[in-house]
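Go ahead and model the full structure; you've got the sequences and the hints to work with.
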Amino acid sequence: MGMIMKKPVKYFLVDAFTESAFKGNQAAVCILKEEHERDDAWLQSLAAEFNVSETCFLTPITGLDARFRLRWFTPSVEVDLCGHGTLASAHSLFSNGLVDSDKVEFVTRSGILTAERVQDNSKVRVKGGSFFIELDFPVIPTCEYSSIYDIDTSMFSKALNGATVVDVRRTTTNNKVISEDFFNGSAKASSTDKIIVVLQSWEAVTELQPRMDEISKCPGKLIIVTAAAPEGSVYDFCSRFFSPKLGVDEDPVCGSAHCSLAHYWSLKINKCDFVAYSASRRSGTLKVHYDREKQRVFLTGKAVTVMKGSVLAGFLSHSGLVLAYDRSFCSIFVCVGKSCLLLRFSDGSFTTSFITTIGIDFKIRTIELDGKRIKLQIWDTAGQERFRTITTAYYRGAMGILLVYDVTDESSFNNIRNWIRNIEQHASDNVNKILVGNKADMDESKRAVPKSKGQALADEYGIKFFETSAKTNLNVEEVFFSVAKDIKQRLADTDARAEPQTIKINQADQSAGTSQTTQKSACCGS
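Here the sequence shown is numbered in the numbering used here, starting from 1 and rising by one per residue.
It is worth saying that the hints were derived from the structure and are not from the lab.
For clarity, every value in this text was computed on a predicted model and none was experimentally measured.
One should not assume that every hint holds.
[Said to hold, decoys possible] List time: in silico EDC-like cross-link candidates among lysine to aspartate or glutamate, alpha-carbon distance up to 20 Å: (1) Lys23 / Glu207; (2) Lys217 / Asp152; (3) Lys375 / Glu478; (4) Lys372 / Glu477.
[Stated by the list, open to error] Computed spacing ranges between beta-carbons, pair by pair: (5) Glu368 / Asn422: 28 to 34 Å; (6) Asp370 / Asn430: 53 to 59 Å; (7) Val275 / Arg417: 33 to 39 Å; (8) Asp249 / Gly162: 17 to 23 Å; (9) Glu368 / Glu410: 36 to 42 Å; (10) Ile463 / Glu49: 41 to 47 Å; (11) Lys453 / Ser349: 26 to 32 Å; (12) Asp40 / Asp152: 53 to 59 Å; (13) Ser310 / Lys453: 37 to 43 Å.
Cβ coordinates follow ideal geometry from the N, Cα and C atoms, glycine included.
Structure, rendered in C-alpha cells:
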C-alpha cells in the first residue's frame, strides 16, 4: 500500500464560555477542507491526542456560504451534541476571518444548529474586539426519574459522596421516555442520556467531591448536578457535569447540559431567562434563554483562542490507521419514508416510532465496491412541502438521488413528479436517480400503488426502480449499492473522457499562462 502523506490540518485551541484564557471549557477546533480528508479512526485518535473534553471537526459544505459540517469527539467517543464545542467552532470561524457572515450554520447529528455573532444581546454587527456568540439549540425535556423505572436513587447520593439529593430527573427523547437500554448502560452515547441530580444548596454543588468509580456505575451516560443560587446572587443556578463513561470525568462547562437545565429550572422557578454558573475548577458563565413556544434554547457566551497550529500526523501505512478513502460519494433522499430506510442501511436497525425528519439529517457508511473503499455521505432531506426551500439547497452538490414513496400512500407516489421537477431545476444534469417504493412488506390489501405503476413511472424517466422494506431489509442494500455503482461508473466515464494531465514535481512551470486543474466532484472530491 505504501505511504500517502496528507496535508497538515489547521487547528485552534479555544476556551469557551469565558472571557479569560485558561478558564471555561477547552475545545480543539480542526478545519478540514473535505469531508473524506480523514477517516473516523483518525478523528478519534486525534481527539485522544488532544485529550480535552471535546475535539471539533469542521468541514465546509461546497457551494453553501457559511455552512459547515460539524462533528464532536471526546477522547473516547463521538457525541451527538456539544455546546462549548459549537461555541468554540463559531469563535474560530469568526475571529480568524474564515466566514464573512455574522451567522453560521452547522449540520450535525442533532440537526442544523446556528451560531450568531452578537454584541451584548443586540443584533449589532461587531467590527472588532471581543464579542458574544449566541447558539440556537433544541430543548431536551426532562421528566421524573422514577415515573416508570423503580430504581433506588440512593446510588446517586453515594456517587456524590453522601450529598443530600433533593430531586432526580432524567431527559426524554422527543417527549418519549428513554428506553431500558439507557438504564443498563447498553445504549449508545447520546446527548439525551442525561441524569439531572438536584442538590440541597449552591455550596453542596461547588464543594462537591464526587466518586467517579461510583458515577460510572450509575444509570445513563452522564450526570448533571445542579442547585439554585442563593437569594441576591447574580446567577439563577449552578451546575457541574460528570461523564466518566464518555472519557471525561468532569466537563468544565457543558453547554448542551443547559438544554435540559433550562427546561428543568423554567418549570421550577417560572422563568425563561437565566444566568448560569458552571462550578468546576475552571468555571464559566452562560446566558440562557428558553423559548417555550419554539422549544429552543439559546446559549450566549464568549470564547478565547489560546493556541493555534497545524496537525502534522496524517499518513497511510500498512500498520497505521487507514486515513484515506478511494472515493467519497454524496447522495440524498427526497420525498417520504426515507428515514427508516437510512437507519436500516447505516445502522442495521429498524424502529416503528421514527420521528419525522425536520430539515436535514445526515449519515455516513463506508462500503467496498469493486475492491475500492467508498464512503457514502447520505443526506436525509425533509419530505414535507414546508421544508422544500431548505432541502433544495443540497441538490446541487448531490451525486445521486433516491426518490422514495410509500406503496400504501398514493399521494406520496403522485408527488414524485413534483420532486423530479424540483431536482431538474436545482441538481446537476447528470445526477444519478433511483425510484424506490418502500413498505413492500405490507399486506396487499393495504397497498395503494401497484408495483407495475412504480415501474412504469421509472421507465418514463429512464431511471432504475426498486421496491424495498426497511422493516424486513428487503432490497435496502441493493438500492444503495446500485446508486453507488452508477455514480462510480459515471465518474469513471467522465475521467476517461478527460484529457490526461502530467504533474511535475520540483520543476518550475516553463509555460507562461499554463495552469493545472485538479478535478474534483462538486460535492466531495475523489
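Original post:
Which numbered conditions among the earlier hints are violated in the structure presented, ordered from lowest to highest?
Top reply: Hints 6, 7, 12, 13 are the ones this structure does not satisfy, whereas the remaining hints hold.
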